[in-house]
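Chemist: The residues making up each chain are set out below.
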Amino acid sequence: ETGVTQTPRHLVMGMTNKKSLKCEQHLGHNAMYWYKQSAKKPLELMFVYSLEERVENNSVPSRFSPECPNSSHLFLHLHTLQPEDSALYLCASSQEPSGSAWADTQYFGPGTRLTVL
Amino acid sequence: SQQGEEDPQALSIQEGENATMNCSYKTSINNLQWYRQNSGRGLVHLILIRSNEREKHSGRLRVTLDTSKKSSSLLITASRAADTASYFCATEPQGAQKLVFGQGTRLTINP
Numbered sequence: 054e055t056g057v058t059q060t061p062r063h064l065v066m067g068m069t070n071k072k073s074l075k076c077e078q079h080l081g082h083n084a085m086y087w088y089k090q091s092a093k094k095p096l097e098l099m100f101v102y103s104l105e106e107r108v109e110n111n112s113v114p115s116r117f118s119p120e121c122p123n124s125s126h127l128f129l130h131l132h133t134l135q136p137e138d139s140a141l142y143l144c145a146s147s148q149e150p151s152g153s154a155w156a157d158t159q160y161f162g163p164g165t166r167l168t169v170l
Numbered sequence: 003s004q005q006g007e008e009d010p011q012a013l014s015i016q017e018g019e020n021a022t023m024n025c026s027y028k029t030s031i032n033n034l035q036w037y038r039q040n041s042g043r044g045l046v047h048l049i050l051i052r053s054n055e056r057e058k059h060s061g062r063l064r065v066t067l068d069t070s071k072k073s074s075s076l077l078i079t080a081s082r083a084a085d086t087a088s089y090f091c092a093t094e095p096q097g098a099q100k101l102v103f104g105q106g107t108r109l110t111i112n113p
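Residue numbers (our numbering), protein chains in the order written: chain A, 54 to 170; chain B, 3 to 113.
What the hints contain is simulated information worked out from the structure, not anything from laboratory work.
Hints are not guaranteed to be accurate.
Stated by the list, open to error - Derived coverage of chain A by chain B (criterion: at least 3 residues anywhere in the stretch with Cβ under 8 angstroms from a Cβ of chain B; other residues may be distant):
hint : segment
1    : 66-78
2    : 94-100
3    : 106-117
What the hints assert, rightly or not - Derived, one-sided and incomplete: chain B residues facing chain A with beta-carbon distance under 8 angstroms:
hint : residue
4    : H47
5    : A87
6    : K100
7    : L101
Where a beta carbon is used, it is the ideal one built from N, C-alpha and C, also for glycine.
The shape of chain A in the complex, shown without the other chains (with noise of 0.2 angstroms):
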């Protein structure tokens, strides 16, 4: 197992739901990122936080908010979603973020299935 857990596993929500996907990771990182994985598409960076403050927002619309209140834990805040949201959205944690000198692996949850109806 990799130390990083993610809920829910699978989520089904309207264009106008509110709903949030929890990450956290067991591993003693500094580092915790949110991808999404779309069918057909290389993995898309979304979020990084580094020490609890967020560092890469790789042009995100706003209907995603991450939180990030400690090292331990990252959330995905979801809110007038679209379908073409739908998607595997990966948490991962490192113990260093990437682009320093000490980067190093990163370790992926399992992933939230997204689906927007």
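Guided by the hints, dock chain B onto chain A, whose structure is given.
Modeler: What follows is chain B alone, placed relative to chain A:
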């Protein structure tokens, strides 16, 4: 165009054979990583190779990196049915605080 592109997009071989996947990228990098993903699951890290390294081994995996050609290869020897998965290369471009993933190679091992 993408930073990392895997080739081939799909590969089907018999159990016991070797599987080779390639990755090409466009900009200078700090390191290159290979990940595996089973259907609908999270990615699992396989191996990381830094820009000053040329080859790395881990069990049945062998990764090479040629920075002059901006390419890497992943070799899986003596393949097993459990190796069936998608394999992604991810590069960390110099100056960028991110990993950039390719679209992956879908590997199928036939028993």
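Chemist: Indicate, hint by hint, whether the structure satisfies it.
Modeler: Consistency of the hints with the structure:
Residues of the segment 66-78 of chain A with a Cβ under 8 angstroms from some Cβ of chain B number 0, which does not satisfy the need for three, so the listed coverage is violated. With 4 residues bearing a CB less than 8 angstroms from a CB of chain B, the segment 94-100 of chain A meets the requirement of three and the coverage assertion stands. Requiring three or more residues with a Cβ within less than 8 angstroms of a Cβ of chain B, the coverage given for the segment 106-117 of chain A holds, as 3 such residues are present. Against a cut-off of 8 angstroms between C-beta atoms, the interface hint on H47(B) holds, since the closest Cβ of chain A lies about 4 angstroms away.
Among the interface hints, the one on A87(B) is violated; its C-beta lies about 13 angstroms from the nearest C-beta in chain A, farther than the 8 angstroms criterion. Checking K100(B) against chain A: minimum C-beta separation of about 5 angstroms stays under 8 angstroms; hint holds. Checking L101(B) against chain A by beta carbon gives a least distance of about 5 angstroms; that is within 8 angstroms, so the hint holds.
This entry does not satisfy hints 1 and 5, going by the numbered hints stated previously.
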